[in-house]
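Given only the sequences and the hints, what does the whole structure look like? Please build it.
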Amino acid sequence: MFNFNALLARLKYIPRWSLMRQNVEEDLAQHTSEVALMAHTLCLLANNKFGKNVNCEKVAVAALYHDVSEILTGDMPTPVKYNNPQIMTAYKAIEAHAVNKLLETSHPDIRNDLRPYMTQESLTEYEKKLLKAADKLCALTKCIEELQSGNKEFESAYKSTYQSLIDMHMEETDFFMGNMLAGFSLCLDELAKI
1 MFNFNALLAR
11 LKYIPRWSLM
21 RQNVEEDLAQ
31 HTSEVALMAH
41 TLCLLANNKF
51 GKNVNCEKVA
61 VAALYHDVSE
71 ILTGDMPTPV
81 KYNNPQIMTA
91 YKAIEAHAVN
101 KLLETSHPDI
111 RNDLRPYMTQ
121 ESLTEYEKKL
131 LKAADKLCAL
141 TKCIEELQSG
151 NKEFESAYKS
161 TYQSLIDMHM
171 EETDFFMGNM
181 LAGFSLCLDE
191 LAKI
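Mapping the sequence shown onto my numbering, position 178 (from 1) lands on 178, and the numbers just tick up by one.
Just so you know, the hints here were simulated from the structure itself, not pulled from any lab data.
A portion of the hints provided could be inaccurate.
What the hints assert, rightly or not - Dumping the calculated DSS-like pairs for lysine-lysine here, alpha-carbon to alpha-carbon at most 30 angstroms:
| hint | residue 1 | residue 2 |
| --- | --- | --- |
| 1 | Lys132 | Lys81 |
| 2 | Lys132 | Lys92 |
| 3 | Lys152 | Lys136 |
| 4 | Lys81 | Lys49 |
| 5 | Lys128 | Lys12 |
| 6 | Lys159 | Lys128 |
| 7 | Lys49 | Lys159 |
| 8 | Lys92 | Lys128 |
| 9 | Lys49 | Lys132 |
| 10 | Lys49 | Lys136 |
| 11 | Lys136 | Lys92 |
| 12 | Lys92 | Lys12 |
| 13 | Lys81 | Lys101 |
| 14 | Lys193 | Lys152 |
| 15 | Lys12 | Lys132 |
| 16 | Lys81 | Lys193 |
| 17 | Lys193 | Lys49 |
| 18 | Lys12 | Lys152 |
| 19 | Lys52 | Lys136 |
| 20 | Lys52 | Lys129 |
| 21 | Lys129 | Lys49 |
| 22 | Lys81 | Lys58 |
| 23 | Lys58 | Lys132 |
Stated by the list, open to error - Distance ranges between label pairs, derived from CB positions:
| hint | residue 1 | residue 2 | range |
| --- | --- | --- | --- |
| 24 | Glu57 | Ala9 | 21 to 29 angstroms |
| 25 | Lys52 | Ser164 | 18 to 26 angstroms |
| 26 | Gly183 | Ala93 | 37 to 45 angstroms |
| 27 | Ala90 | Ile166 | 27 to 35 angstroms |
| 28 | Gly183 | Asn23 | 14 to 22 angstroms |
| 29 | Ala90 | Glu153 | 26 to 34 angstroms |
In this text, a Cβ means the ideal position worked out from N, Cα and C, and glycines have one as well.
In structure tokens form, the structure reads like this:
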């Protein structure tokens with residue numbers, strides 16, 4: 001039996017932001033789809049606005065798989081994961097092991113095609129950076145959503161995530177933050193008028 005897709009369906013059971021009180025709960029399936037959409041947008045900007053040559057579709061598909069290891073590991077909170085180099089190294093090894101275990105549940109005829117997306121080994125270094133930026137932008141928009149609903153618990157996360165995006169020094173994220181991010185603070189009626 002090949003349980004790969006049944007395991008992927010469990011993304012919706014993995015909560016995110018477990019150390020934070022949330023007004024709107026977020027699960028890994030929601031996050032994954034948002035990161036894929038954001039990654040695709042950043043890649044389109046990279047190519048069409050900034051003259052780069054990245055594979056938008058490959059990055060978007062890799063984004064769909066970027067956190068699948070968490071089906072087996074759960075979502076490790078960022079402050080814990082990046083607390084020190086030993087924890088980060090150990091957790092990366094755990095994630096790699098989880099990806100391999102998930103791949104073992106896929107049919108052998110598709111396993112080799114899945115692996116490069118799940119490990120990101122088929123992405124260029126810049127494509128990996130775009131995917132990481134999309135992940136961070138989605139964390140930032142989550143912070144905005146929570147702050148808009150009056151949840152001050154996300155103020156510190158907003159500031160640190162915003163700064164980490166600035167520190168990436170990427171034209172695509174700078175452009176997105178300067179020209180597209182404000183829409184995440186608007187309600188539907190305001191968005192529809194634009």
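Do the hints match the structure? See the list:
The hinted pair formed by Lys132 and Lys81 meets the criterion: a straight-line CA distance of about 15 angstroms does not exceed 30 angstroms. Proximity of Lys132 to Lys92 is assessed by CA-CA distance (about 15 angstroms); at most 30 angstroms being required, the pair is judged to hold. About 19 angstroms separates the Cα atoms of Lys152 and Lys136, which keeps this hinted pair within 30 angstroms; it holds. With a CA separation close to 34 angstroms, the supplied pair Lys81 and Lys49 exceeds the 30 angstroms bound.
Between Lys128 and Lys12 the alpha-carbon distance is near 24 angstroms, which keeps this suggested pair within the 30 angstroms criterion. A threshold of 30 angstroms between alpha carbons decides the hint, and for Lys159 with Lys128 the separation of about 23 angstroms falls inside it, so the pair holds. A C-alpha spacing of about 27 angstroms is found between Lys49 and Lys159, which places the hinted pair at or below 30 angstroms, so the restraint holds. With a C-alpha separation of about 16 angstroms, the suggested pairing of Lys92 with Lys128 holds against the 30 angstroms cut-off.
Restraint check for Lys49 and Lys132: the C-alpha separation of about 19 angstroms stays at or below 30 angstroms, so the hint holds. Annotation: proposed proximity of Lys49 to Lys136 holds, straight-line Cα distance about 21 angstroms (limit 30 angstroms). Under the criterion of a C-alpha separation no larger than 30 angstroms, the hint pairing Lys136 with Lys92 is consistent with the structure, at around 18 angstroms. Of the pairs offered as hints, the one joining Lys92 and Lys12 holds, with about 22 angstroms between alpha carbons and a cut-off of 30 angstroms not exceeded.
For the hint pairing Lys81 with Lys101, the CA-to-CA distance comes to about 21 angstroms; that is within 30 angstroms, so the pair holds. Proposed proximity of Lys193 and Lys152 is supported: the alpha carbons are some 28 angstroms apart, at most 30 angstroms. Our distance criterion of 30 angstroms between C-alpha atoms is met by Lys12 and Lys132, whose separation comes to about 21 angstroms. Only pairs whose Cα atoms come within 30 angstroms are accepted, and Lys81 paired with Lys193 is rejected, the gap being roughly 41 angstroms.
A hinted pair counts as satisfied when its Cα atoms are at most 30 angstroms apart, and Lys193 with Lys49 qualifies at roughly 25 angstroms. For the given pair, Lys12 sits about 26 angstroms from Lys152 by alpha-carbon distance, which is consistent with the 30 angstroms threshold. This hinted pair checks out: Lys52 and Lys136 have alpha carbons roughly 21 angstroms apart, not beyond 30 angstroms. Restraint check: the Cα-Cα separation between Lys52 and Lys129 comes to about 13 angstroms, which is no more than 30 angstroms; the hinted pair holds.
Our distance criterion of 30 angstroms between C-alpha atoms is met by Lys129 and Lys49, whose separation comes to about 17 angstroms. The hinted pair formed by Lys81 and Lys58 meets the criterion: a straight-line CA distance of about 27 angstroms does not exceed 30 angstroms. Distance hint between Lys58 and Lys132 is fulfilled; the C-alpha atoms sit about 14 angstroms from each other, no more than 30 angstroms. In this structure the supplied range 21 to 29 angstroms holds for Glu57 paired with Ala9, their Cβ-Cβ distance being about 23 angstroms.
Separation of Lys52 from Ser164 is about 21 angstroms and conforms to the stated range, judged on CB atoms against 18 to 26 angstroms. Between Gly183 and Ala93 the CB atoms are about 39 angstroms apart, so this pair conforms to the stated range of 37 to 45 angstroms. About 29 angstroms separates the C-beta atoms of Ala90 and Ile166, a value consistent with the hinted range of 27 to 35 angstroms. Distance hint check for Gly183 and Asn23: the Cβ-Cβ separation is about 19 angstroms, which falls inside the suggested range of 14 to 22 angstroms.
A hinted range of 26 to 34 angstroms holds for the C-beta pair Ala90 and Glu153, which are about 28 angstroms apart.
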